[in-house]
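K.L.:
Each chain is listed here by its residues.
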Amino acid sequence: MKALKYLFAALLMGFTMTSCSDYLDKMPEGSVPTEDVDYTNISEMYQPVSGCYAKIRTSGMHWAIWELTVIKEQDVFSGQFNGSLYYKVGEYTYDDSFWAIDEIWKQYYNIIKVTNSALDALDKYAENCKTEADKQNNAAYKGEVKFIRAYAYFRLVQQFGPVTILRTNDQTDMQRSTIEAVYKYALEDLQYGMDNMPRIRPNQSAHIGAVTAFSAETLAAKIYANLKNYTKVEELTEDIIKNGKFSLYPDYYQLWKIPGKLCDESIFECQCTDFGNGSGDLIDADQWFVCQGPSNSGSNISGWNDCGIYESFVEWAKNRGETVRYTTSFLFHDSTTPDGDYIKPQTNPKNAQVLNGKAYTPSTQLTPGRTKYGTNNNIRIFRYADVLLLNAEAKVRNGKNGDENFNLVRERAKMPPLTNVTVDQVLDERRMELVCEWGERYSDLLRSGKAATELKDLNWAPERQYFPIPFNQYTSNPDLLLDPKDE
Amino acid sequence: MDKRLLTLLLVCMCAIFGMQARTVKGTVVDQVNQPVIGASVHVNGTTIGTMTDVNGNFTLSNVPDNAVITFDYVGMASQSLAASDSMQVQLADDFQKLDDVVVIGYGSAKAKDLTAPIAVVKGDELLSTPTSSVMNALQGKVAGVNVISNGTPGEGPTVQIRGVGSFANSTPLYVVDGMFYDNINFLNSADIQEMSVLKDASAAAIYGVRAANGVVIITTKKGAKNADAKITYDGYFGIQKASNVLKECNSQEYATMMLEGNYDSYVTHFKQSIDRYGGSYADADFHNWTYAADNNWYDLLLRTAAITSHGINISGGSEKATYTLGGNYLYQNGIMDVDNNYKRFNLRAAVDYDATKWLTVGFNGLFSQSTQQVPNNAAWQKAFNCPPIVGLYDEKNENAFPIKYGSPDALSYTSNFYNPVAFANYYNNKNKGNQVLSNFYAQINFIPSKLFFKTNYSYSFASNNSRAFTPAYYVSAWQQATTTSLTKTEVKNYNSIWDNTLTYNEQVGLNHFGVMLGASVREENYRMLSGTTTGVPEGEEEYWYIKNGNATGATVTDAGTTYRGMSYFARLNYNYDEKYLLMLTMRADGSSKYQEKWGYFPSVGAAWVISKENFMQNQNVFDYLKLRASWGKLGNDHVAASDGFASITTGNKASGVFGNTTIAGYQDNSYFSYLKWEVVDEFNAGLNFSTLNNRLNVDVDYYHRMTNNAVISPLLPFSTTTLAGNYGKILNCGVDVNVTWNDRIGKDFKYNIGLNLSTIKNRVKDLGGQTIIKGGKTVNMVGEQMNSFYGFERIGVYQNEAECAADPIAVANGLVPGDLKYKDQNNDGKIDGNDRVCLGSYIPNIMYGVNFGFEYKNLDFTLTTYGQAGAQMFNRKRALRYASQNYNFDKAQYDNRWHGEGTSNTDPSAAGLLKAWNVSDQRYSSYFVEDADFFRIQNITLGYTVKNIKMGSYTLPSLRLSLTADRPFTSFSANTFSPELSDAQGWDTEVYPLTSTYTLGLQINF
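Residue numbers (my numbering), protein chains in the order written: chain A, 36 to 522; chain B, 13 to 1018.
Derived by calculation from the structure, the hints in this document are not laboratory data. The beta-carbon is built from N, C-alpha and C at its ideal position, and this holds for glycine as well. Hints are supplied without guarantee of correctness; some may be wrong.
Heads up, incomplete: computed chain B residues facing chain A, CB under 8 angstroms, no partners named [stated by the list, open to error]:
{"id": "1", "residue": "GLU272"}
{"id": "2", "residue": "ASN274"}
{"id": "3", "residue": "ASP276"}
{"id": "4", "residue": "ARG576"}
{"id": "5", "residue": "ASN838"}
{"id": "6", "residue": "LYS842"}
{"id": "7", "residue": "GLY845"}
Listed next, the in silico BS3-like pairs over lysine-lysine satisfying Cα-Cα at most 25 angstroms (straight line) [as the list claims (entries may be wrong)]:
{"id": "8", "chain 1": "B", "residue 1": "LYS408", "chain 2": "B", "residue 2": "LYS283"}
{"id": "9", "chain 1": "B", "residue 1": "LYS609", "chain 2": "A", "residue 2": "LYS61"}
{"id": "10", "chain 1": "B", "residue 1": "LYS789", "chain 2": "A", "residue 2": "LYS379"}
{"id": "11", "chain 1": "A", "residue 1": "LYS159", "chain 2": "B", "residue 2": "LYS665"}
{"id": "12", "chain 1": "B", "residue 1": "LYS959", "chain 2": "B", "residue 2": "LYS134"}
{"id": "13", "chain 1": "A", "residue 1": "LYS353", "chain 2": "A", "residue 2": "LYS449"}
{"id": "14", "chain 1": "A", "residue 1": "LYS123", "chain 2": "B", "residue 2": "LYS416"}
{"id": "15", "chain 1": "A", "residue 1": "LYS385", "chain 2": "B", "residue 2": "LYS283"}
{"id": "16", "chain 1": "B", "residue 1": "LYS835", "chain 2": "B", "residue 2": "LYS789"}
{"id": "17", "chain 1": "B", "residue 1": "LYS462", "chain 2": "B", "residue 2": "LYS444"}
{"id": "18", "chain 1": "B", "residue 1": "LYS688", "chain 2": "A", "residue 2": "LYS61"}
{"id": "19", "chain 1": "B", "residue 1": "LYS609", "chain 2": "B", "residue 2": "LYS665"}
{"id": "20", "chain 1": "A", "residue 1": "LYS379", "chain 2": "B", "residue 2": "LYS283"}
{"id": "21", "chain 1": "B", "residue 1": "LYS369", "chain 2": "B", "residue 2": "LYS466"}
{"id": "22", "chain 1": "B", "residue 1": "LYS408", "chain 2": "A", "residue 2": "LYS379"}
{"id": "23", "chain 1": "B", "residue 1": "LYS37", "chain 2": "B", "residue 2": "LYS504"}
{"id": "24", "chain 1": "A", "residue 1": "LYS61", "chain 2": "B", "residue 2": "LYS504"}
{"id": "25", "chain 1": "A", "residue 1": "LYS435", "chain 2": "A", "residue 2": "LYS263"}
{"id": "26", "chain 1": "A", "residue 1": "LYS353", "chain 2": "A", "residue 2": "LYS379"}
{"id": "27", "chain 1": "A", "residue 1": "LYS277", "chain 2": "A", "residue 2": "LYS435"}
Ranges of calculated distance between the beta carbons of each label pair, as one might list FRET restraints [as the list claims (entries may be wrong)]:
{"id": "28", "chain 1": "B", "residue 1": "ALA493", "chain 2": "A", "residue 2": "VAL359", "range": "48 to 58 angstroms"}
{"id": "29", "chain 1": "A", "residue 1": "GLU167", "chain 2": "B", "residue 2": "LYS444", "range": "58 to 68 angstroms"}
{"id": "30", "chain 1": "A", "residue 1": "GLU167", "chain 2": "B", "residue 2": "SER508", "range": "54 to 64 angstroms"}
{"id": "31", "chain 1": "A", "residue 1": "ASP521", "chain 2": "B", "residue 2": "ASN825", "range": "31 to 41 angstroms"}
{"id": "32", "chain 1": "B", "residue 1": "ALA676", "chain 2": "A", "residue 2": "GLU167", "range": "22 to 32 angstroms"}
{"id": "33", "chain 1": "A", "residue 1": "LYS485", "chain 2": "B", "residue 2": "GLY671", "range": "39 to 49 angstroms"}
{"id": "34", "chain 1": "A", "residue 1": "LYS353", "chain 2": "B", "residue 2": "ASN838", "range": "53 to 63 angstroms"}
{"id": "35", "chain 1": "A", "residue 1": "ASP205", "chain 2": "B", "residue 2": "LEU541", "range": "29 to 39 angstroms"}
All chains, full assembly: derive it from the sequences and hints.
P.N.:
Here you go:
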């Protein structure tokens, strides 16, 4: 029975050996906890900033956001005359339960949340910045993030008017703020950016294509334009023109193609890449290009046939004598593009005959092996031509002569120069130059008070200038139905 | 004559081999004097035992004097008799099964000693269902167990025990020979000796933090001592056929819907189809147009498929050892008409050996190898949506290769449309699984059958290699691949559990005590490594290695988890004279997964066998009557340890592009919450009784399960993200009833009738102070069922202009006759978010099964049925029209459409179905909510057994032929392929048809 004794001992061991408590202290596999980001490693300080640019790409370029933004322009419609919710947006008739409207709201706030936490991260890095150069970089990086945040608010106001300022990500008060208050908040961010980012072009940035002080200045000028403060618009655009070393890309057609990526005209671009490889990773803006592609079965130059351009506008452009802007901005069915891509006839009379040519990337410029429409092209968001025209408009409105910068834009478009341009002429020039670009025409009509007359046939009314608060949002956050506050 | 001679010989041999211990022989017969084959014969207090042979005979040697021998057989009352040289034993039918030994957590108990409702299913009962997944065979067999089947070959069903108590995960715990599993798809029905379903807290609490969703204990097959080798072949061959295929609109009906809806917008598609494929639009009335392309995509995707299974099992044992060895091969072809199937080869062995008088050791191992050629199930959805006027093949599709498939984009349909047949075919996805379950134990008997210590180590290793290959092909701009692509994923799960238990049983007079103390350590590991590339050569599977593809653009990723657990547990049993029973259990569970490391899970159960009381002895209503009650706490650790981004998001998705490259970026979503396990508090009260001469047996249980700390994920403001917290309280309560009637008519006709029924009342009781939490698909509202559909209540269809004009809601929303009419719940004259109500949930209120079986001479027959009532489902297939108006319609939408006053008060007009008022992804209405009730003939099996077939000098003990129809008939009203949905919240997007299986089976005992 000696054996039994040993067995009892073994048994006791069996019960006790497992009681060492650190057995249960097991780190989770494969994930890097936030607290463990090494804020002393300044070489990684750009990572949260890069993440914000990614968010612009993955959230800000959602195809539905794009469509609803440009459909509200005077000259663009959904692409199908079928009475759908998209189509109705072009007639300023909204359904507050339309998912795409909700998507705009959520995606821009997603960007804002990511920027808020990136700024927190940069604050933590700042504590560890020892050298003056690091401190400067830290401030410049914050400037980039604040630009992106201001951009999201700018778009939210463009779509919804008064919106909620999300000062922190755990905010519980969801009451909206007035347009003026939101703009004030965005302008503070942009001022910080102008003060702390380098005064260079984005294509000169250390991180090529990253926004600069001039990008912030451009956005600020656009906000001031919406606020009708043309003194500020003139002041800011003057600075960009005098000191920014920007220039218009000489070839208006190639400006939109692969050669025009990050050219000297570029102020803010959403960058995409296929790394020059015909297969493998593709970092792109999902369906942004595809949604605007033509119905063209059997070809890689094809898409959903959305974002049609009214033929009346095509006529208007033709009558102006437009040449390169005509061939570049309009993609016609039953025709061959300058690069030799044939687009089949549009047999469905209910579908757009003319689409946005700016979103067209020729098949000859696609990396061999890639088939998705627009692969490897960037999405232009702000460009220098806009600044020049804003400057011209502001000067005219401020009683000065705006011809010089105005004619730079016309010259590049192979259009004869004009003298003593009027506000109306500038607005017409913007209508042509910026067609199907982020709803610029609609914003122009709103700030110039022309919406009621120009959009009369499209059923526009002042109370319908903005999208309604999305059904999903106000039903989960009834605070949104309160009157906006002035802060 | 021979028998007598043999007996004589044996007697002589005994006389030669020693006198102290004698040899006992005898015969066991049933109450109609038929020999009982395979009855267990066991000398009490020793390890001596054997089983009866084909003639019911047995022989035991070395039986001590004054020994008592116990005879047991399933379905018969056990008997203990004093040993004598020659024993004639007659066992009587026992329908109560009170003496059956039931496997409970870390031990076993006799059915009559239980204080908890434990349902036992024997391996034999599983064999009549031809299925690749064992749990399918349980459908309709056990009250309180809801089995929702899945159509894909090799995929297991969803199993819920006693309702749904968690928003996160309601999968029960499977304990296979001591090892914990979340699914047991690797097991073969023939590997299983028996299953115990632990339904209440007093039974399950011994499994602590894993037990909240119920526990299913599975014991794999074992041999028996002193038994000759028993060799069994078991196999079947059958066919599977899709049943209840939902009817879709044909070309003409589809045209009617679209063109009645909006002629101008959609007419080109139809003209293009006719121009391209043939037909005529000469008639002025589009209702009379004809179409050469008229594809029923479901017909094109479906086939009749084979299923077959073959298994061999050998088992037996000597005086000191038992062994079993088995192998099984299963092949199941899929009903989708592409290469898809499931093959599984299982090998199993178990050995137990009495090494010394005080030490028993044993091993069992199960090896499973499976290959699953996966069908592209998304093709069902594509088939559902694709208009019938699209051509299957199209020679005019110039760029199409390698097969000239027709393309929806030829008819100007855009990116939501795919050729479903091409979609199913240009897909090659294979999973290879290898799984090993091994189990080693040693048991030290300090005092035989009184005090023993058992150490048990289980190790499970499962690897799954999946390979997805896409060939280069072209159908349309959005259905193409210019180069081949290959993704390979290797997943490994390796888990170990080491249990140590000390068990002590004592009897003092009429007091019976039992104590079990245990400690357990476990570790669960998951590792995944996945790589992908393009440009791998087509042709043979052997070429498909990532190294053979493009190096640029190849990606690799990996992931893993490791959780550790440490537990101490104890069980205390006491019973007085088998009349008053008490059971206490306690488990302390430590887990590395959570911030809070330790949880404590107690339970208590008591039972009173009233029929044993003296005052019950003079009545003859109840043959047996037992009252039970129990309470306990159970944990559910199948919830995440935290939610939100505990960590930062990295990778390409979170990296900005700068020039032609990326700069590593991260996004920090600062929403974060720590979570802890959910705790279920369960009370159970039950009653068992037998009456009418033991022929009627009734089990009734009432349960009340409250899940506390339920993890629920509300949407964050302004966001698509949700953040979970332990906010919820969910109640499930109901009644489980099991009634069986067993009887004989005459000598040869034995029959049984069974009914099982369970009710579930599911309610959300608390949401951390909020009254409603909205998820992506459903809402949770205090006082309603969890995961309720939420939307407007349809009260009819506007019938005429006058009705629209008179209704301010219709005027405000520009409604016309044929649009749905919603109820203005708050009577404020408008329809808005405040008019939404709960419209039901996918949790059934009642599940029921009725079974009937008989045996007559060599014939046996069973019929099982199964049904559920009170569940609703959301017809997402119809609701998806918001994404594309050109999707095809189901036939019922066509038949029931409003097309003039009085034609329908339930369904919108064709035009209405194209309108956001009626079809919107945010404005759901009860039009999309349908009853998920169904009733099914689950299984019909007819068997014929021939015994003792003489084959020359060899006698084949038995051979059984059987015919089975599995799920031959299902009835339901919903416009769906099956009301059994894989989506836990009841969204029907699955569109996977049900299958009926018909098999011919053969069982041979050698």
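K.L.:
Does each hint hold? Answer for all of them.
P.N.:
Status of the hints after comparison with the structure:
A cut of 8 angstroms between beta carbons decides the hint on GLU272/B: the least distance to chain A is about 15 angstroms, and the hint is violated. A least Cβ separation of about 7 angstroms between ASN274/B and chain A falls short of the 8 angstroms threshold, and the interface hint therefore holds. Below 8 angstroms, beta-carbon pairs count as interface contacts, and ASP276/B has one with chain A at about 6 angstroms; its hint therefore holds. The interface hint given for ARG576/B holds, since its Cβ lies 5 angstroms from the closest Cβ of chain A, which is under the 8 angstroms cut-off.
At about 14 angstroms, the closest approach between the beta carbon of ASN838/B and any beta carbon in chain A exceeds 8 angstroms, and the interface hint on this residue is violated. Checking LYS842/B against chain A by beta carbon gives a least distance of about 12 angstroms; that is not within 8 angstroms, so the hint is violated. Interface restraint check for GLY845/B: the shortest CB-CB distance to chain A comes to about 4 angstroms, inside 8 angstroms, so the restraint holds. For the hint pairing LYS408/B with LYS283/B, the CA-to-CA distance comes to about 16 angstroms; that is within 25 angstroms, so the pair holds.
Under the criterion of a C-alpha separation no larger than 25 angstroms, the hint pairing LYS609/B with LYS61/A is consistent with the structure, at around 11 angstroms. With a CA separation close to 41 angstroms, the supplied pair LYS789/B and LYS379/A exceeds the 25 angstroms bound. The suggested pairing of LYS159/A with LYS665/B holds, with an alpha-carbon distance near 23 angstroms, which does not exceed 25 angstroms. Of the supplied pair hints, the one linking LYS959/B and LYS134/B holds, its CA atoms being roughly 22 angstroms apart against a limit of 25 angstroms.
Proposed proximity of LYS353/A and LYS449/A is supported: the alpha carbons are some 14 angstroms apart, at most 25 angstroms. Among the hinted pairs, LYS123/A with LYS416/B is inconsistent with the structure: their alpha-carbon atoms are about 38 angstroms apart, more than 25 angstroms. Taken as a hint, the LYS385/A and LYS283/B pair is honoured in the structure, with Cα atoms around 14 angstroms apart against an allowance of 25 angstroms. For the hint linking LYS835/B to LYS789/B, the alpha-carbon distance of about 21 angstroms falls within 25 angstroms, and the restraint holds.
For the suggested pair LYS462/B and LYS444/B, the alpha carbons sit about 46 angstroms apart, so the restraint of at most 25 angstroms is broken. Under the criterion of a C-alpha separation no larger than 25 angstroms, the hint pairing LYS688/B with LYS61/A is consistent with the structure, at around 16 angstroms. Distance restraint check for LYS609/B and LYS665/B: the Cα-Cα separation of roughly 34 angstroms exceeds the 25 angstroms cut-off, and the hinted pair is therefore not satisfied. With a C-alpha separation of about 17 angstroms, the suggested pair LYS379/A and LYS283/B falls inside the 25 angstroms cut-off, and the hint holds.
Taking the CA atoms of LYS369/B and LYS466/B, the gap is near 15 angstroms; set against the 25 angstroms cutoff, the hint holds. Annotation: proposed proximity of LYS408/B to LYS379/A holds, straight-line Cα distance about 15 angstroms (limit 25 angstroms). For a cut-off of 25 angstroms, the pair hint linking LYS37/B to LYS504/B is broken: about 52 angstroms separates their Cα positions. Restraint check: the Cα-Cα separation between LYS61/A and LYS504/B comes to about 19 angstroms, which is no more than 25 angstroms; the hinted pair holds.
Annotation: proposed proximity of LYS435/A to LYS263/A holds, straight-line Cα distance about 16 angstroms (limit 25 angstroms). Distance check on the hinted pair: LYS353/A and LYS379/A sit about 22 angstroms apart at the alpha-carbon level, within 25 angstroms; holds. In summary, the hint linking LYS277/A to LYS435/A is supported, as the alpha carbons are separated by about 17 angstroms, within the 25 angstroms threshold. Roughly 37 angstroms separates the CB atoms of ALA493/B and VAL359/A, a value that falls outside the hinted 48 to 58 angstroms.
Checking the proposed 58 to 68 angstroms range against GLU167/A and LYS444/B shows it holds: the Cβ atoms sit about 60 angstroms from each other. In this structure, GLU167/A and SER508/B meet the distance hint of 54 to 64 angstroms, their C-beta atoms being roughly 56 angstroms apart. Here the CB-CB span from ASP521/A to ASN825/B is close to 34 angstroms, well matched to the stated 31 to 41 angstroms. In this structure the supplied range 22 to 32 angstroms holds for ALA676/B paired with GLU167/A, their Cβ-Cβ distance being about 25 angstroms.
A hinted range of 39 to 49 angstroms holds for the C-beta pair LYS485/A and GLY671/B, which are about 40 angstroms apart. Between LYS353/A and ASN838/B, the C-beta spacing of about 55 angstroms keeps the proposed range 53 to 63 angstroms intact. A hinted range of 29 to 39 angstroms holds for the C-beta pair ASP205/A and LEU541/B, which are about 37 angstroms apart.
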